[in-house]
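Below, each chain spelled out in residue letters.
There are 6 protein chains.
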Amino acid sequence: MFKHTRKLQYNAKPDRPDPVMGRRLQESLGGQWGEVTGMMSYLSQGWSSTGDEKYKDLLLDTGTEEIAHVEMISTMIAYLLEDAPLNPSDEELKKDPSLAAKYTGMDPEHSIVHGMTASLNNPNGGAWNAGYTTSSGNLVADMRFNVVRESEARLQVSRLYYMTEDEGVRDMLKFLLARETQHQLQFMKAQEELEEKYGVIVPGDMKDIEHDEFAHVLMNFSDGEGSRAFEGQVAKDGEKFTYQENPEAMGGIPKTKPADKRLHNDQG
Amino acid sequence: MFKHTRKLQYNAKPDRPDPVMGRRLQESLGGQWGEVTGMMSYLSQGWSSTGDEKYKDLLLDTGTEEIAHVEMISTMIAYLLEDAPLNPSDEELKKDPSLAAKYTGMDPEHSIVHGMTASLNNPNGGAWNAGYTTSSGNLVADMRFNVVRESEARLQVSRLYYMTEDEGVRDMLKFLLARETQHQLQFMKAQEELEEKYGVIVPGDMKDIEHDEFAHVLMNFSDGEGSRAFEGQVAKDGEKFTYQENPEAMGGIPKTKPADKRLHNDQG
Amino acid sequence: MFKHTRKLQYNAKPDRPDPVMGRRLQESLGGQWGEVTGMMSYLSQGWSSTGDEKYKDLLLDTGTEEIAHVEMISTMIAYLLEDAPLNPSDEELKKDPSLAAKYTGMDPEHSIVHGMTASLNNPNGGAWNAGYTTSSGNLVADMRFNVVRESEARLQVSRLYYMTEDEGVRDMLKFLLARETQHQLQFMKAQEELEEKYGVIVPGDMKDIEHDEFAHVLMNFSDGEGSRAFEGQVAKDGEKFTYQENPEAMGGIPKTKPADKRLHNDQG
Amino acid sequence: MFKHTRKLQYNAKPDRPDPVMGRRLQESLGGQWGEVTGMMSYLSQGWSSTGDEKYKDLLLDTGTEEIAHVEMISTMIAYLLEDAPLNPSDEELKKDPSLAAKYTGMDPEHSIVHGMTASLNNPNGGAWNAGYTTSSGNLVADMRFNVVRESEARLQVSRLYYMTEDEGVRDMLKFLLARETQHQLQFMKAQEELEEKYGVIVPGDMKDIEHDEFAHVLMNFSDGEGSRAFEGQVAKDGEKFTYQENPEAMGGIPKTKPADKRLHNDQG
Amino acid sequence: MFKHTRKLQYNAKPDRPDPVMGRRLQESLGGQWGEVTGMMSYLSQGWSSTGDEKYKDLLLDTGTEEIAHVEMISTMIAYLLEDAPLNPSDEELKKDPSLAAKYTGMDPEHSIVHGMTASLNNPNGGAWNAGYTTSSGNLVADMRFNVVRESEARLQVSRLYYMTEDEGVRDMLKFLLARETQHQLQFMKAQEELEEKYGVIVPGDMKDIEHDEFAHVLMNFSDGEGSRAFEGQVAKDGEKFTYQENPEAMGGIPKTKPADKRLHNDQG
Amino acid sequence: MFKHTRKLQYNAKPDRPDPVMGRRLQESLGGQWGEVTGMMSYLSQGWSSTGDEKYKDLLLDTGTEEIAHVEMISTMIAYLLEDAPLNPSDEELKKDPSLAAKYTGMDPEHSIVHGMTASLNNPNGGAWNAGYTTSSGNLVADMRFNVVRESEARLQVSRLYYMTEDEGVRDMLKFLLARETQHQLQFMKAQEELEEKYGVIVPGDMKDIEHDEFAHVLMNFSDGEGSRAFEGQVAKDGEKFTYQENPEAMGGIPKTKPADKRLHNDQG
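So the protein sequences, as listed, match chains E, W, U, D, H and B. full-length UniProt numbering applies: residue 1 is where the first sequence begins, and numbers increase by one. full-length UniProt numbering applies: residue 1 is where the second sequence begins, and numbers increase by one. full-length UniProt numbering applies: residue 1 is where the third sequence begins, and numbers increase by one. full-length UniProt numbering applies: residue 1 is where the fourth sequence begins, and numbers increase by one. full-length UniProt numbering applies: residue 1 is where the fifth sequence begins, and numbers increase by one. full-length UniProt numbering applies: residue 1 is where the sixth sequence begins, and numbers increase by one.
Pulled out of the complex, with its shape left as it was, chain E reads as follows (with noise of 0.2 Å):
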């Protein structure tokens, strides 16, 4: 169960509005790799998790976190869309070609969908889904895909921080980035815990039953010879990486039935 306090987590207001900067935020709240996708792969992750408190803790505390998260740049493009152009005039345009940019570079459902506020969408209206989240009851590859999801999310965090002046924005911005660099820390260090446990790879039990002569084979399937820089290097599990130069089909030209002819497939 959750509690909510109206104060947000850190500041989120910007100098001055600036609409095509609110857009660009939208991918941190609803884009693939956006805040929503931490919030909600997260307290899936610990709402599921069976495994030791601390992670399951870790999960929730972030999750929890995230929505804050949410709550703040929702905030923040609020404040940037305020008094955002509806309809200025062709002389107006004319005049002022920074007012054409506001105007052609903001996004029109921020108008006539959401009244200048915040949507749950990317920069380029695509509505946030839960394709976008993992969670897989396997907490190794989990892990993993939380520090993913913080790397990309800091990617484009320093990414829109170049893309402003505006010191309000940058300061929530630099906020953002020092949590995602806790929080890819923190899945880093409860991965490695996990790793040593459970194993490297992925899940670490069926060593005995995959087809081991192929688990340390670099393949090379073009004329590039860069992969072979990785022959003989000593792979995380101990083992080394061969080349195969030019790996041959093992498997035989397929040959299934036609079908059922009440199915119509006119095939033979």
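Don't take every hint at face value.
Pairs count within a copy or across copies, as identical chains cannot be separated in the list.
Straight line, CA to CA, 16 Å or less: simulated EDC-like cross-link-like pairs of lysine to aspartate or glutamate [what the hints assert, rightly or not]: (1) K197 to D237; (2) K13 to E165; (3) K54 to D223; (4) K54 to E231; (5) K7 to E225; (6) K174 to D205; (7) K236 to E195; (8) K174 to D208; (9) K3 to E225; (10) K207 to E195; (11) K13 to D83; (12) K236 to E193; (13) K54 to E245; (14) K236 to E192; (15) K54 to E192; (16) K255 to D15; (17) K197 to D52; (18) K257 to D52; (19) K255 to D83; (20) K240 to D212; (21) K13 to D166; (22) K255 to D52; (23) K54 to E193.
By construction, these hints were calculated from the structure, which means they are not laboratory data.
Starting from the structure of chain E, add chains W, U, D, H and B where the hints point.
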């Protein structure tokens, strides 16, 4: 540019048809973490890589291999769908509950839409979409994503392994397990090399910009005490985690302006 | 069964082309609350209605009218896209920022995909999908949905009205505004009649089953005090709201079992 | 900002596992009208509200409660999936048709993708998406939407109630039924107050602009006579409905220009 | 503008309920090639047509008919869902495997979401979306698309025909088969006329611009020799196909610049 | 199985960067009718083909070529995005409206998400999805689909050709135009051969089953007279079209039963 050989990379023939297993295998083909996701992510990353040839080549080699995995699984599914029941009578169903299981456990679109061949969907008929892929331009982040792709995929293959006794299906899955071991290991190796060069935090050059005081703090947003276990531990960047038992809201209560009257927000 | 007349229900011709407005009007066509949503929801509800003829007929009349609205807006958009710039030179753009606004503010798929005619998308190119519609079999719930459809749609049309000065566009919007007034009112009337018969809570026959002690309690999950304003007020079913300042967690800490080993959850 | 307690808001434990019911409950979690839709809609509306504190607070309180409902249902689904059959033999299926029903009636992705824990999908595996939510900036419209959300959700919970005999599941559903009664009533109350202030037609200030002569006319587009039943009745805005038996097409036959030759429309 | 008659275009009543068949028929309603795709594509093409009246009219006539087909199939599905099992006991399932097949073979959203009426989804619950439609402005291309729509749809109806013995269902399918024969033939006829006017290659006026030396070459990218069978044959434009056994890569190795440092691509 | 060469199939280098054109080219990559749709459709059809080797091989050759086209367009887009503006100042925008056009006309996700490399989306950021592909098992139907894919794709390339003056871009488009000519012609040829064998109506063996009296009737559902032009003409199957001026509703008024009370349909 690509060339194709009609032979499969490895065996992909079951001992006998099984339309329920055919449906389940769609996860490894058109699911979030299936082979199409690998293929399209690695190829995209490879094509957009501007850096060291060895990473570009590793990505393109592996992406090219994944097309062959899509081919193998498509073939396997078509074999598994041979002779699937189209329209068993109530009499037949009453006599044989395992026939009923086949009939209602298979994907109805396998027959209606695809004439008993594979689709590009997951087992619930969800169409594969590019929102599953990642190609960010940042190699550390993307190598981490690739490790996750191979981890989640191998996890699913491991589960599928125990959902069948068919030796033909298992033979193919054992091969895929091994390749996904290799791919996990190779992308980890690349990731480590790149981390050494660019730092373990993605991206590596924002440390002086972020609000550093929040970058190593475990913030406790719950009444669980689990996260405290990480307090004092050394993070991968060499600094120690601190623990904040009661993180306060630092950001004040937001107060945006009412919107332009022409938006009819009807709010004050 | 349906018949079509080539004449439009109402005028749908702008005074002059305006590709940016053409893009914005797509919201009223293919957006979440656009005319296609109305048309497909009302027709589906009407076709599946088993109750009083008057509601069934009202739904089918209105659904049939909405097809004509889709037709009108499609026509209007095609007119607005006439003469849209395909490939202005840098010279031309430098001279005329309003041309630049038109060029970059229009939907690129209007030209590339649709040859300057309407799409079935929203202004951000999001394809209309049936997840926007509702047809539940319960008439009270669905009449409420229909009132919302007409409310959100009329709100958007009102906003679009202020985004253009074109008298032709405004003429059509004034007609749509009026029809959406009528549709709001008629669905409200039907809703009220049905509520009288079946109760104001949907569905009306579960009162003896639900845990009644939680059915009129304003639960406060925040440090805001605003919700308390409703305390003691009379709800539409005649009972009074109570206010719970500090709702407690009544459910205990969940503890599911670790999953079957064959799922490789790696969670203890 | 949010805080989390590990205790659930209410009991969420079944008497015994039932993977088919686990699948069906996904509708209340990740379906169009499920708890995620409530949670994300109310929070978004609350964060973007600029009006009276009491509505903002009501929205945020309820949105915060809905996160706890997502948590409860996720937990319940995980319990229901305990011991679900992974790979029953044909022999077992032949002996026990109810096992076959469990095996083919469960969601295959519950096992393959989620390791027998909840997803963020509906029972057909459709990923939740933000196109289900609404936050328009207009409070009357959005309060109406919220009443619909609670109506459709309570309808579905009522149906799910009769799809199980499990007393544990029913206990949780009885609680959700009650809360959805409260939420319907509170949002209706807010809606009524706001309608009093802003008018019953959304938005309230376009009456002088719309083509008023079409604003109270029941237009008959079918050979059904049912709609006539509303003729002469008083609409909620105090005016009377008129009935038009044979609405004429007022708009003429449209005639757009052939497109620019460079678009290759090949149409005269 | 449209008018509706309450009578169906043709019979749509089964001899007896069959919820599994009800689910399967959703393909013809809300699937990729279902009636909604026909209806929305033909109407959109018709509304945007600027050319010869006869094509415009043919499109609008057929689009209008397809609404009636959506109506018929919706009606049929509702009939098929009558008396579908909501909650059979384990005892009942054990006694009757055909009941189990009905119970787990039906679409769970038919009961939970739609109260046993049709949805706008395919049999796997995938929501119909406008990405299935085509309206390009080019009549030759779109007439070809229409022929495909009718071909794939008739193929699916033919398959559905063999999935039931119900004479009522089959009667409706026989009618749809005939109409889809007509629609294939009429769109082929229109296509041929248009090809005569504009050329068989779409679009017809780029021959002088394309790199003509690659316009009639069968390029062999595999070790299969099958494509060679077309060598020397006369193509529809009168020229002969040539065969290139070993097409070479003509384009060099691409070398894009590293991106702006502010994008943090971390690639050399 | 596949092999890759680092060389491109053809030149894919622009004379100079142009981020707006880079965005527009995404249509040919990740749009409904883009190269990914070709690639995934032809490969799927080829892998599932059980018929004549020459069709299987033709499909796989062409599918393999399309991967190379995806590669070329991805490369071209990356070149076009070089040096795109990240954060021009208002001063710069005011001075140069063509800079404003570049800045607001480019895809914001090209910079934020992809670090100035290609995505797998269309120009509006819509993610490519497998609902665009077709693989039905019926070769006549699918060859027709393939002709459409090549027609719509070539149409779009022709439009894109006139949206740029860049000789490098145009060189690549001229190559694609030629290949799409070839692909149209080859699939038409295959289609014709198959039609000769299986009949021009898909599928060919249902003529005795369908209600033949409706199979050659132009039904007029509008006040347009255009369709009559086809009356008496000879259809491709040798029979003549008849014209029905006033098609009557043959199906009666449907009357389904009220649903089970436990579904709460509240409909009498």
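Now for the hints, and whether the structure bears them out:
1. Taking the closest pair of Cα atoms, K197 and D237 come within 16 Å of each other only inside a single copy of the chain (13 Å); across copies the shortest separation is 22 Å, beyond that limit.
2. Taking identical chains as interchangeable, the C-alpha atoms of K13 and E165 lie at most 16 Å apart only when both belong to the same chain, with a minimum of 13 Å there against 34 Å between chains.
3. Taking the shortest Cα distances, K54 and D223 sit within 16 Å of each other only across copies (12 Å), while inside one copy they are farther apart (48 Å).
4. For a Cα distance limit of 16 Å, the shortest separation of K54 from E231 across copies, 11 Å, qualifies, whereas the shortest one inside one copy, 39 Å, does not.
5. In the homo-oligomer, the alpha carbons of K7 and E225 lie at most 16 Å apart only across protomers (13 Å), although the nearest pairing inside one protomer, at 56 Å, exceeds that limit.
6. Taking the shortest alpha-carbon separations for K174 and D205, only the inter-copy value of 13 Å comes in at or below 16 Å, while the best intra-copy value is 42 Å.
7. Taking the shortest Cα distances, K236 and E195 sit within 16 Å of each other both inside one copy (11 Å) and across copies (15 Å).
8. Taking the closest pair of Cα atoms, K174 and D208 come within 16 Å of each other only across two copies (10 Å); inside a single copy the shortest separation is 47 Å, beyond that limit.
9. In this assembly of identical chains, K3 and E225 lie within 16 Å of each other by CA distance solely across copies; the values are 13 Å between and 57 Å within a copy.
10. Taking CA atoms no more than 16 Å apart as the test, K207 paired with E195 passes inside one copy only; the shortest distance there is 15 Å, against 27 Å between copies.
11. Taking the shortest alpha-carbon separations for K13 and D83, only the intra-copy value of 15 Å comes in at or below 16 Å, while the best inter-copy value is 31 Å.
12. Taking CA atoms no more than 16 Å apart as the test, K236 paired with E193 passes in both settings, with 15 Å inside one copy and 12 Å between copies.
13. For the homomeric pair K54 and E245, the shortest alpha-carbon distance between copies (15 Å) is at most 16 Å, but the shortest distance inside one copy (46 Å) is not.
14. In this assembly of identical chains, K236 and E192 lie within 16 Å of each other by CA distance both inside one copy and across copies; the values are 12 Å within and 10 Å between.
15. Taking identical chains as interchangeable, the C-alpha atoms of K54 and E192 lie at most 16 Å apart only when both belong to the same chain, with a minimum of 14 Å there against 26 Å between chains.
16. When the C-alpha separation of K255 and D15 is checked against a cutoff of 16 Å, the pair qualifies only between copies, where the shortest distance is 14 Å, while the shortest distance within a copy is 67 Å.
17. Only within a single protomer do K197 and D52 lie at most 16 Å apart by alpha-carbon distance; the minimum there is 12 Å, versus 34 Å between protomers.
18. In this homomeric assembly, K257 and D52 come within 16 Å of each other (Cα to Cα) only across copies, at 12 Å, whereas the closest approach inside a single copy is 50 Å.
19. In this homomeric assembly, K255 and D83 come within 16 Å of each other (Cα to Cα) only across copies, at 15 Å, whereas the closest approach inside a single copy is 65 Å.
20. Taking CA atoms no more than 16 Å apart as the test, K240 paired with D212 passes inside one copy only; the shortest distance there is 13 Å, against 39 Å between copies.
21. Taking the shortest Cα distances, K13 and D166 sit within 16 Å of each other inside one copy (10 Å), while across copies they are farther apart (36 Å).
22. With identical chains, the CA atoms of K255 and D52 are at most 16 Å apart between copies only, with a shortest distance of 12 Å across copies and 49 Å within one.
23. Taking the shortest Cα distances, K54 and E193 sit within 16 Å of each other inside one copy (11 Å), while across copies they are farther apart (30 Å).
In this structure, every one of the numbered hints holds.
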